[in-house]
Structure formats: C-alpha cells, structure tokens
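Going down the list, the sequences are from chains L and W.
Going by the working numbering, the residue at position 36 of the first sequence is 36; the numbering climbs one at a time, nothing skipped.
Going by the working numbering, the residue at position 55 of the second sequence is 155; the numbering climbs one at a time, nothing skipped.
Derived by calculation from the structure, the hints in this document are not laboratory data.
None of the values given here were measured: they were computed from a predicted structure.
Beta carbons: idealized from backbone N, C-alpha and C, even for Gly.
A few chain W residues facing chain L, derived, Cβ under 7 Å:
{"no.": "1", "residue": "Asp103"}
{"no.": "2", "residue": "Pro134"}
{"no.": "3", "residue": "Arg135"}
{"no.": "4", "residue": "Val143"}
{"no.": "5", "residue": "Ile161"}
{"no.": "6", "residue": "Gly172"}
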Amino acid sequence: MSKTDREEALRLLNAPLDLTGATVDTEPSQVKIVHSVRLEPTASERLFAEAERRGVTPSALLREIVERALAPAPDAETTVTVRLADLHRALDNAIQRAA
Amino acid sequence: MVDEYYVWDDASYDAVAAAGLDWRLVQLILRTRPRIRTHIGAVLRVVAQAPDGRWIIVSLIEQEDDTYLLVGARELDAAESTAAQRAIEGGRR
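Let the hints inform the model, and build the full structure from the sequences given.
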C-alpha cells in the first residue's frame with residue numbers, strides 16, 4: 001500500500017457518492033480485526049526480547065498478553081500453576097519496583 | 101463464509117474521530133448487511149445504514165486478498181442517502 005493509495009482512498013471518500021458498478025452484499029461474512037499498534041522503541045525492544053526468550057513471535061506474545069489482560073479475573077480461591085522461573089522473576093521485579 | 105480482515109491503525113481511529121463518528125459505529129457498519137460495496141482499483145468503499153438511520157460510507161484500501169486497511173469514513177448527505185437506499189432496494193430484488 002502506498003501513500004498514493006491512501007490519498008486516493010480519502011479522495012474517493014470525500015467525493016460525491018458514485019454507485020457505478022456497486023454490488024449489494026446480503027450474505028454475512030466472518031469479520032476479523034487486525035489491530036495495528038505503534039509502540040515506543042523501549043516497549044518494542046522489551047517485546048522482542050521477551051518473545052525471543054520464550055521462543056515465540058512478537059505477534060504471538062502480543063496476542064497472549066492481550067488475552068491474558070482481558071481475561072476475567074480468576075476467583076481468589078483458584079489454584080494456578082506457574083513456572084518457578086516466572087515466579088522468581090515476578091518477585092524480583094516487584095522488589096526492584098519497591099526499592 | 102468468506103473471512104474478511106479489517107486493519108485498524110492509529111490513523112484509522114483518528115480519521116473516524118475527525119469525521120465526528122464513533123469507531124464502534126464504523127465497526128458495526130462493516131458488519132452490517134445489506135451493504136453496498138464498490139471497488140475502484142485498490143480502494144474499497146462500503147456503504148450501510150446505521151441503527152439510527154444514518155447512512156455511513158467507509159473507505160478502505162485492499163492490502164491483500166480480503167484484507168483492508170480502514171482509511172476513513174463519513175456520513176452521507178440526504179441525496180446520497182436516498183441513492184444508497186435505492187441501491188439497496190434494487191439489489192435485494
């Protein structure tokens with residue numbers, strides 16, 4: 001996609017409506033959204049580093065982070081299993097932030 | 101059923117807001133049926149009626165098969181809305 005394409009799309013948007021060659025859709029389609037997000041360089045670097053550490057792509061990691069952030073909060077009595085390394089890391093981060 | 105991907109970036113939300121529209125409305129318009137589609141080169145325009153009766157046009161760029169970047173949207177004026185209504189009614193026959 002070029003800058004020209006975007007300019008053309010905006011020109012056509014603001015031009016008087018022309019329905020020449022238009023078709024009418026009545027059948028539903030499966031709509032999926034691609035969220036394009038710009039991150040600050042430091043956030044990007046941290047994302048890359050964590051993705052590399054986990055052996056996943058940055059996109060897969062972003063998907064996981066978003067799904068986790070939006071998941072319903074577990075019941076306080078729920079038992080969860082975490083990796084010991086992740087627990088240590090979380091504790092170290094909390095201690096550093098508190099220091 | 102065909103999968104369609106709509107790409108929203110920061111410029112998409114900015115353009116929708118600049119047109120005085122709520123992004124949630126534009127998301128709804130893209131899912132609405134019936135709708136009118138016109139392809140001109142890489143540009144796809146979608147027209148559909150919102151629940152409140154307004155007719156909205158959305159302009160997108162095809163990035164790859166069935167994947168479209170949202171560039172902007174606006175409300176149709178009265179004459180355009182009438183033309184859109186007629187097109188929908190004609191398309192249903």
